[in-house]
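Peer 1: So you can see what is in the structure, the chains are spelled out below.
Number of protein chains: 2
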Amino acid sequence: MKSTKPTILVVNDDGITAPGIKALISVMQELGRVVVVAPDSPQSGMGHAITIGKPLRLDRDDLYEGVEMYRCSGTPVDCVKLAVTRVFQGHKPDLCVSGINHGLNNGINVLYSGTMSAAVEGAIEHIPSIGFSLDDYTWQADFNHCLKYVREIAQQVLQNGLPVGTLLNVNFPNTPHIKGIKICRQANAKWAEEFDERVDPYKRPYYWLTGVFQLNDNGQDTDSWALDNHYASVVPVQFDMTAHHAIPVLNSWKFDV
Amino acid sequence: MKSTKPTILVVNDDGITAPGIKALISVMQELGRVVVVAPDSPQSGMGHAITIGKPLRLDRDDLYEGVEMYRCSGTPVDCVKLAVTRVFQGHKPDLCVSGINHGLNNGINVLYSGTMSAAVEGAIEHIPSIGFSLDDYTWQADFNHCLKYVREIAQQVLQNGLPVGTLLNVNFPNTPHIKGIKICRQANAKWAEEFDERVDPYKRPYYWLTGVFQLNDNGQDTDSWALDNHYASVVPVQFDMTAHHAIPVLNSWKFDV
Numbered sequence: 001m002k003s004t005k006p007t008i009l010v011v012n013d014d015g016i017t018a019p020g021i022k023a024l025i026s027v028m029q030e031l032g033r034v035v036v037v038a039p040d041s042p043q044s045g046m047g048h049a050i051t052i053g054k055p056l057r058l059d060r061d062d063l064y065e066g067v068e069m070y071r072c073s074g075t076p077v078d079c080v081k082l083a084v085t086r087v088f089q090g091h092k093p094d095l096c097v098s099g100i101n102h103g104l105n106n107g108i109n110v111l112y113s114g115t116m117s118a119a120v121e122g123a124i125e126h127i128p129s130i131g132f133s134l135d136d137y138t139w140q141a142d143f144n145h146c147l148k149y150v151r152e153i154a155q156q157v158l159q160n161g162l163p164v165g166t167l168l169n170v171n172f173p174n175t176p177h178i179k180g181i182k183i184c185r186q187a188n189a190k191w192a193e194e195f196d197e198r199v200d201p202y203k204r205p206y207y208w209l210t211g212v213f214q215l216n217d218n219g220q221d222t223d224s225w226a227l228d229n230h231y232a233s234v235v236p237v238q239f240d241m242t243a244h245h246a247i248p249v250l251n252s253w254k255f256d257v
Numbered sequence: 001m002k003s004t005k006p007t008i009l010v011v012n013d014d015g016i017t018a019p020g021i022k023a024l025i026s027v028m029q030e031l032g033r034v035v036v037v038a039p040d041s042p043q044s045g046m047g048h049a050i051t052i053g054k055p056l057r058l059d060r061d062d063l064y065e066g067v068e069m070y071r072c073s074g075t076p077v078d079c080v081k082l083a084v085t086r087v088f089q090g091h092k093p094d095l096c097v098s099g100i101n102h103g104l105n106n107g108i109n110v111l112y113s114g115t116m117s118a119a120v121e122g123a124i125e126h127i128p129s130i131g132f133s134l135d136d137y138t139w140q141a142d143f144n145h146c147l148k149y150v151r152e153i154a155q156q157v158l159q160n161g162l163p164v165g166t167l168l169n170v171n172f173p174n175t176p177h178i179k180g181i182k183i184c185r186q187a188n189a190k191w192a193e194e195f196d197e198r199v200d201p202y203k204r205p206y207y208w209l210t211g212v213f214q215l216n217d218n219g220q221d222t223d224s225w226a227l228d229n230h231y232a233s234v235v236p237v238q239f240d241m242t243a244h245h246a247i248p249v250l251n252s253w254k255f256d257v
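Chains A and B supply the protein sequences, listed in that same order. Counting in the working numbering, the first sequence runs from 1 upward without gaps. Counting in the working numbering, the second sequence runs from 1 upward without gaps.
The hints are simulated quantities; they were obtained by calculation from the structure and are not laboratory data. What you are looking at is a predicted structure, and each value in this text was computed from that prediction instead of being measured. One or more hints might be untrue.
Calculated pairs, BS3-like style, for lysine-lysine (alpha carbon to alpha carbon, straight line, at most 27 Å) [said to hold, decoys possible]:
(1) B:K22 x B:K190
(2) A:K254 x B:K5
(3) B:K254 x A:K54
(4) A:K54 x B:K54
(5) B:K148 x B:K182
(6) B:K54 x A:K190
(7) A:K22 x B:K54
(8) B:K54 x A:K254
(9) A:K190 x B:K92
(10) A:K54 x B:K22
(11) B:K5 x B:K148
(12) A:K148 x A:K182
(13) A:K92 x B:K5
(14) A:K54 x B:K5
(15) B:K148 x A:K254
(16) A:K148 x B:K254
(17) A:K182 x B:K254
(18) B:K148 x B:K179
(19) A:K22 x A:K148
Example chain A residues on the side facing chain B (calculated, C-beta under 7 Å, incomplete) [what the hints assert, rightly or not]:
(20) V164
(21) T166
(22) S252
Using N, Cα and C, we set each Cβ at its ideal position, and we do this for glycine too.
Same shape as in the complex, but just chain A (with noise of 0.2 Å):
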């Protein structure tokens, strides 16, 4: 670890009141001077978006006392971008912490979640990053269980860093008597949607989304698995999205144009 205090930002993406980016920023003031830049309003399921059509607000905020927070009017990715280039104005933070969320990011959730793809965005940005989500999607959930390993995962990654071109997922067990770590690989899942049909009062049809998360994976090395078991889980997560096995197979083909 630097022997200087390590600075570290704090995003989120259920937003700047949400209690889990509270947990995890109460963490975080015993590990460095921590840094939060978080979305004004709730932005669950926002994956990778990013604001292009519209200008973005930064604005100082006084939430806590004594830490430095700013909320933004964009996505979990807008956030951690005016971050860098605004806040921290080329001053790389030495770890970017993205959560607690209110419900899990394991399996294929990786790519809708707002709090991942936050932490994705920070490993872009060459800064070390972790998300963490707990599995309880109430505003009342309680994160107490999870503060120790969300500080010594924190601290490892500070001493240790992190492979090139990679970050953490980090999802917790809705248990008080979480059993240890595993480090897992995403499980194959998936969600099978069932769309709420409605009708409104001027009788035109709309949709809710809604579905169910469908496992279709047996192995004990997932993070599924690691959940429900009990244990806390710990993927290793890259954005290089190139299916290499697969460059062969299409070397393979005879493209006739």
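Knowing the structure of chain A, use the given hints to seat chain B on it.
Peer 2: Structure of chain B alone, referenced to chain A:
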């Protein structure tokens, strides 16, 4: 290729009225039965965002005669989810094509792109999927020189399928003299943000996201290299974000919890 006419889902992120999707529809009509589900407004930069806090609209549209079309109030990923669940109702299409995007989606843009996220969502639904993009950001972009490549790549995917858990990211240079097709990996690149700060009539600052695409990769096997050298780039993409090579590194850490 199946003996019956294949069914092809066409989506995009520039919106249902974009010239790019019109060009893609015209090619796909030569190959099969086309169903279009596209956003009712531009959705560039939406990444893998989904709409979970408000309801969605899905309405029939008659923009192009003889084509089954629906416009959707949501994101590109919402369009695919609604197509699979409400339009096809479980009868999966044989192919999902997204685009043709007005602008490149090479390198790291695969993460920000609504075009590519729609194709990723198709692949998550086990539909062979392809995203197409052209290096011309204008509404007046001329797609004619790409169309024989679009046709050939789509035909190959219909004939051969794709390796499990993969899709294709196809980008075209903006030249009438495309030299051919290169199978590539995603270039190591990022955006160097430059927020344009302005002051509103009420003396409050606001920010426009701008930036410069930074290529940090000298490889001649990347999509950026192919495009710079006037080839169409084809990158196989996966949605398993696990950095498998980092798992042993993390397993060597000693967590003290």
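Peer 1: Next step is simple, just say for each hint if it's right about the structure.
Peer 2: Verification of the hints:
1. B:K22 x B:K190: violated, 30 Å
2. A:K254 x B:K5: Measuring from Cα to Cα gives roughly 22 Å; hence the hint holds.
3. B:K254 x A:K54: violated, 46 Å
4. A:K54 x B:K54: Given pair K54 of chain A, K54 of chain B holds - Cα atoms ~20 Å apart, limit 27 Å.
5. B:K148 x B:K182: With Cα atoms ~15 Å apart, K148 of chain B and K182 of chain B stay inside 27 Å; holds.
6. B:K54 x A:K190: holds, 21 Å
7. A:K22 x B:K54: holds, 26 Å
8. B:K54 x A:K254: Cα-Cα ~46 Å, so violated.
9. A:K190 x B:K92: With a Cα-Cα distance of about 15 Å, the restraint between K190 of chain A and K92 of chain B holds, given a limit of 27 Å.
10. A:K54 x B:K22: Distance of about 26 Å is within 27 Å: holds.
11. B:K5 x B:K148: Between K5 of chain B and K148 of chain B the Cα gap is close to 19 Å, so the pair holds against 27 Å.
12. A:K148 x A:K182: Holds, because 15 Å separates the two Cα atoms, which is no more than 27 Å.
13. A:K92 x B:K5: violated, 54 Å
14. A:K54 x B:K5: At roughly 42 Å apart (the allowed maximum being 27 Å), K5 of chain B and K54 of chain A break the hint.
15. B:K148 x A:K254: holds, 14 Å
16. A:K148 x B:K254: holds, 14 Å
17. A:K182 x B:K254: The hint holds at about 12 Å.
18. B:K148 x B:K179: holds, 13 Å
19. A:K22 x A:K148: holds, 15 Å
20. V164: This interface hint is violated because 9 Å lies over the 7 Å limit.
21. T166: Holds - the Cβ of T166 of chain A comes within 7 Å of chain B, reaching about 4 Å at its closest.
22. S252: Cβ of S252 of chain A sits 9 Å from chain B, so the hint is violated.
Consistency note: the structure conflicts with the earlier hints numbered 1, 3, 8, 13, 14, 20, 22.
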